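J.: So the chains spell out like this:
2 protein chains.
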Amino acid sequence: MKTLRDIGEDALIERLIRLVPLDEKAAAGPGDDCAVIDQGGEILLLLKTDALVEHVHFLPSAPARSIGWKAAARVISDFAAMGGQPNHFLVTLALPGETAVSWVEDLYRGIGDCLEKFDGVLAGGETSSVPTGSAAVISIAATGTVRRKNVVLRSMGKPGDRIFVTGLLGGSIHGKHLDFTPRIRETNWLVSHFKPTAMMDLSDGLGKDLPRLTAASNCGFKIDEISLPISPGSTPTQAISDGEDFEILFTIASNKSRELIAAWPFPDLPLTEIGELVEKEKSQSLAGGWEHFSK
Amino acid sequence: MKTLRDIGEDALIERLIRLVPLDEKAAAGPGDDCAVIDQGGEILLLLKTDALVEHVHFLPSAPARSIGWKAAARVISDFAAMGGQPNHFLVTLALPGETAVSWVEDLYRGIGDCLEKFDGVLAGGETSSVPTGSAAVISIAATGTVRRKNVVLRSMGKPGDRIFVTGLLGGSIHGKHLDFTPRIRETNWLVSHFKPTAMMDLSDGLGKDLPRLTAASNCGFKIDEISLPISPGSTPTQAISDGEDFEILFTIASNKSRELIAAWPFPDLPLTEIGELVEKEKSQSLAGGWEHFSK
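So the sequence lines, in the order shown, correspond to chains A and B. Note that the working numbering gives residue 296 to position 152 of the first sequence, counting from 1, and the numbers run on in steps of one. Note that the working numbering gives residue 153 to position 9 of the second sequence, counting from 1, and the numbers run on in steps of one.
Be aware that a few hints might be false.
If several chains are the same, the list does not tell them apart, and a pair holds so long as it fits within one copy or across any two.
Said to hold, decoys possible - Quick list of in silico lysine to aspartate or glutamate cross-link-like pairs, DMTMM-like style, CA-CA up to 20 Å: (1) K146 x E249; (2) K293 x D182; (3) K366 x D412.
I should point out that these hints are in silico values taken from the structure, not numbers from a laboratory. The structure displayed is predicted, hence computed values, not measured ones.
Take the sequences, apply the hints, and build the full model.
T.: Structure below.
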């Protein structure tokens, strides 16, 4: 009997989406950071769902308010990765009956902190008990919006495009994973000044996510490992392998790359050119990244 | 220390929604079957999230395909309760790594069966591992639509309105909870022919849900217990207390009730007048219904 641990997340998703009706008209469906729904008009609807699981995405000892922030911020990071903004949130909690009410209130305060900062609103929610001893699960689904002319998918990169990342990579586990800032400000500036050809947020580590972006764009990549922006205290291997950076990975046409570096208006957040897209057959490989179900 | 078990679901939700920004322009937010978002035009956007937890909403021995059907059908039942239709679905799975791939595929087939029947499409999803031994959680969020003139909230019932339910109540645990049919057909007919003043679906049992509807409408109720439509093999107490009927509870103006009964075009589904709305102070009480976190 094959288990989820045997096949991993990406192979699982590929099997599952064949078993259900999909939206033939969607600009992007399963496989991009968000689903992109074309309702007519100038504004596209973004849809995203994400979950935090106790012991997997946070430890029971983590402050509930930080867990709430993280749960909302992960979803907002995906809206950033499309060039969009968050809008309406739905929060589903599956918690043991013995959970303290004050813990859940702090969790909601953290969600509220994040929604307030990024102009999201709560539209609804659901709470359910789980059996005593089961891990708590916090699942957040949300709608967002993006202007039609600004939307960036993972799939439009071309050989020769330069690859960039924001911020520093690696070592998120030491704290950043609980209080990171989704890069809404940066991507909203980017899409209106130097529209990327492909973009995604780094949730499972560069080693896992860069191959996803290049596969979607039907390209390969060449990375200059020396140029990787590494968090203080992290090794190059950790910068490639650690998950939950929540920085933005994107590609732009090579003739814009110098101008972009000169124009980057956020002195508090580094922007680094780390390599380029190449033809598929010429791709380098990159080991590492977080694999769900393997641990 | 107060726990979720001490205060229960309704009191918890009341506390939580004070801690986050809400949509001031929403026609209905937390507390109705769906959130109702006004985007301008003739069509309102509906948002809903719901979760199934192993051991709480299904047993490990239940067929995965039925669990998938149930997960999608519960959400569709909420769209029915607004007078609307389902549209885009997001599926979040939190499962142990040792789960069989074939089990997850069957789960998705069940979701697919239900989406196909009710014209929903999958827009995206998320999978995460949970620690070995933790309960599986299936969380489904979805968008739906409803015509502005057709939307029915829980809150517009008035004293004197007649109370109706579709189908038979009680005993869902013996099988119906896994293969019920969301009442889309019936409510879509209702809202265009005899628009209810208030409507909801029965997920936690009449004893729990009727007081929710009347509280939202700021009314009380008087039920004729003799008239309750009871499933074969169930007692009147079970018809009031058992959860997961997924029938529709609604109220209409008293002068339309006879005409509605005569016009009801679905011979395969009983429609029963069970009582009337009264002023709040004159309300009867009704014991029973499913309480999350209490078990």
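J.: Going back to the hint list, which numbers does this structure go against?
T.: Hint 3 contradicted; others consistent.
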